[in-house]
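Top to bottom, those sequences are chains W and U.
6 is the number that UniProt numbering gives to position 6 of the first sequence; each next residue is one higher, with no gaps.
133 is the number that UniProt numbering gives to position 133 of the second sequence; each next residue is one higher, with no gaps.
Incorrect hints may appear among the rest.
Stated by the list, open to error - Taking lysine-lysine pairs in the DSSO-like style, the calculated list, with each CA pair at most 27 angstroms apart, reads:
no. : chain 1 : residue 1 : chain 2 : residue 2
1   : U       : K137      : U       : K212
2   : U       : K223      : U       : K238
3   : U       : K212      : W       : K101
4   : U       : K87       : W       : K101
5   : U       : K87       : U       : K137
6   : U       : K212      : U       : K223
Claimed, not checked - Pair by pair, the computed Cβ-Cβ distance ranges are:
no. : chain 1 : residue 1 : chain 2 : residue 2 : range
7   : W       : R42       : U       : S44       : 44 to 54 angstroms
8   : U       : A173      : W       : L27       : 57 to 67 angstroms
9   : W       : H35       : U       : P301      : 53 to 63 angstroms
10  : U       : E294      : W       : G50       : 33 to 43 angstroms
11  : U       : A210      : W       : P92       : 19 to 29 angstroms
12  : U       : P301      : W       : P29       : 41 to 51 angstroms
13  : W       : A153      : U       : L98       : 47 to 57 angstroms
14  : U       : G59       : W       : A159      : 48 to 58 angstroms
15  : U       : D206      : W       : P161      : 36 to 46 angstroms
I should point out that these hints are in silico values taken from the structure, not numbers from a laboratory.
No residue lacks a Cβ here, since even glycine has one placed at the ideal position from N, Cα and C.
Each chain, written out:
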Amino acid sequence: MTAPAFQTAADKAIPQIPAALALGLRLAPSLPAEHLLTHLARRILAKHSGLLSRLGPYRHCRFALSASDVPLSFCLDLSQNPLAITVHASPPEADARITGKLAALIGLVHGVWDGDALFFSRDLTVEGDTSAALALRNAIDDAELDLGAEVAALTGPLAGPTARLISLAETLTGVPFTRSGAVR
Amino acid sequence: MMELVCPAGTPASLRAAVDAGAHSIYCGFADDTNARNFPGLNFSREELASGIAYAKSKGAKVLVAINTFPTAGNEDLWHRAVADAEKAGAHAVILADLGLIAHAAERHPGLRRHLSVQAAAANPDIINFYAETFDVKRVVLPRVLSVQEIAAINREIDVETEVFVFGGLCVMAEGRCSLSSFITGRSPNMNGVCSPASHVTYAEEDQELAAKLGGYTIHRAAKGTPAPYPTLCKGCFKVGSRTGYVFEDPASLDASELLPALSTAGVTALKIEGRQRSRAYVAQVVRNFRAAVEALEQGRPVPAGMLAQLTEGQSATAGAYNKIWR
């Protein structure tokens with residue numbers, strides 16, 4: 001009798017952002033996107049105060065998150081108070097830069113994939129201050145965030161339909177936009 | 001059933017381990033007192049107390065690793081860690097330093113003491129010394145012993161043994177290795193960090209990924225090959241005309257297929273390495289190993305295959321457990 005094999009991380013391959021969606025993201029006006037992302041990040045930080053304390057000496061760093069399959073880069077600037085997020089066509093100056101598919105970056109937040117495993121397999125690359133990148137990864141992993149739920153909550157009375165829309169996007173693209181999508 | 005001792009670098013990982021079926025979870029404080037003192041990791045006093053309450057509510061135990069070596073004049077940091085672990089309700093403390101073990105035995109006699117792998121206790125004489133002198137209840141064995149040697153040790157001691165079965169593999173004499181200190185000035189023994197991330201950089205050079213530690217290139221990975229973490233012991237070096245891993249290949253430990261043999265050898269607890277890994281990793285590995293120890297308990301075959309994608313170098317070894325060079 002052959003025993004069933006252990007589950008592996010490869011059970012969940014990292015999806016590529018569909019070309020049409022990538023194009024849409026690239027063409028989206030950056031100013032409203034930056035405003036929305038900054039508002040979202042400030043709201044998350046207010047709800048998860050442990051994030052900053054876990055970042056410790058790296059709480060004032062600039063982090064660049066580059067989505068290689070869009071391609072777009074986001075700069076999470078904690079040196080500003082309150083923090084700001086900016087969107088860039090090419091990677092901005094930062095203390096640490098993490099690059100990977102957009103789904104990998106979002107999946108890390110939602111606990112779908114292990115950061116070290118993605119790094120070993122070279123699905124993620126880290127440049128700059130490795131310590132700062134590690135601190136950010138660990139702080140976000142501990143916070144158990146749900147980006148989809150946070151975005152839906154931003155829309156107030158439209159939270160229900162927005163959540164359903166996000167769920168549909170998750171099904172169509174395979175990108176884990178929510179924590180529940182992470183365990184689907 | 002053999003006890004599954006699982007890692008937690010954050011409160012979220014602790015809850016993930018408990019929910020995935022860990023019998024025990026080991027963790028440490030966010031300071032120099034534990035051997036995984038990485039940025040963004042570990043527990044405050046309040047987080048430890050909450051984590052212990054969560055674990056207890058689900059029938060799991062929490063072990064607190066205070067397993068670095070106190071520096072002269074700064075013993076108070078380590079003494080407070082032991083006192084605070086007891087106050088938070090820890091099931092046991094995992095200690096390495098002889099003086100700290102003596103302190104814990106004298107000042108906290110009701111707090112169960114485990115001997116850390118960092119103490120490198122690898123023979124019956126030294127294990128019996130710790131047991132008889134300091135009433136140590138369990139010894140975490142170094143990853144340098146074969147299954148036969150573990151069985152032989154267990155026949156001559158009266159304390160529980162715990163062995164590593166999955167995760168990062170350190171083949172050096174743990175607690176004695178100075179390779180990290182040599183190149184960075186910081187070590188797992190004194191600072192809780194081997195090859196600290198603050199000294200690690202990656203650079204694309206000649207279409208290869210150069211992994212550097214303290215400014216020295218330790219490894220170059222060609223495109224499409226797994227990326228290494230630059231520890232000196234797993235570095236790739238030129239020696240004469242040959243290029244290769246002088247000390248150790250960058251492979252992780254996977255002893256899942258040896259669980260029946262380890263059980264027969266008298267091992268009490270199985271330890272999973274990885275306090276620096278994510279809650280996704282912890283949940284996945286713990287779930288699989290819980291299924292394995294349950295299968296073993298019920299006389300079913302232990303599930304084969306592995307969690308290769310999760311391992312360093314994306315390859316695994318049974319390490320010294322199967323060693324054939326003696």
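Hint check results:
no., hint, result
1, U:K137 <-> U:K212, "violated, 41 angstroms"
2, U:K223 <-> U:K238, "holds, 20 angstroms"
3, U:K212 <-> W:K101, "holds, 24 angstroms"
4, U:K87 <-> W:K101, "violated, 45 angstroms"
5, U:K87 <-> U:K137, "holds, 20 angstroms"
6, U:K212 <-> U:K223, "holds, 17 angstroms"
7, W:R42 <-> U:S44: 44 to 54 angstroms, "violated, 24 angstroms"
8, U:A173 <-> W:L27: 57 to 67 angstroms, "holds, 59 angstroms"
9, W:H35 <-> U:P301: 53 to 63 angstroms, "holds, 57 angstroms"
10, U:E294 <-> W:G50: 33 to 43 angstroms, "holds, 34 angstroms"
11, U:A210 <-> W:P92: 19 to 29 angstroms, "holds, 23 angstroms"
12, U:P301 <-> W:P29: 41 to 51 angstroms, "violated, 59 angstroms"
13, W:A153 <-> U:L98: 47 to 57 angstroms, "holds, 54 angstroms"
14, U:G59 <-> W:A159: 48 to 58 angstroms, "violated, 37 angstroms"
15, U:D206 <-> W:P161: 36 to 46 angstroms, "violated, 52 angstroms"
Checked against the numbered hints given earlier, the structure breaks hints 1, 4, 7, 12, 14 and 15 and satisfies all the rest.
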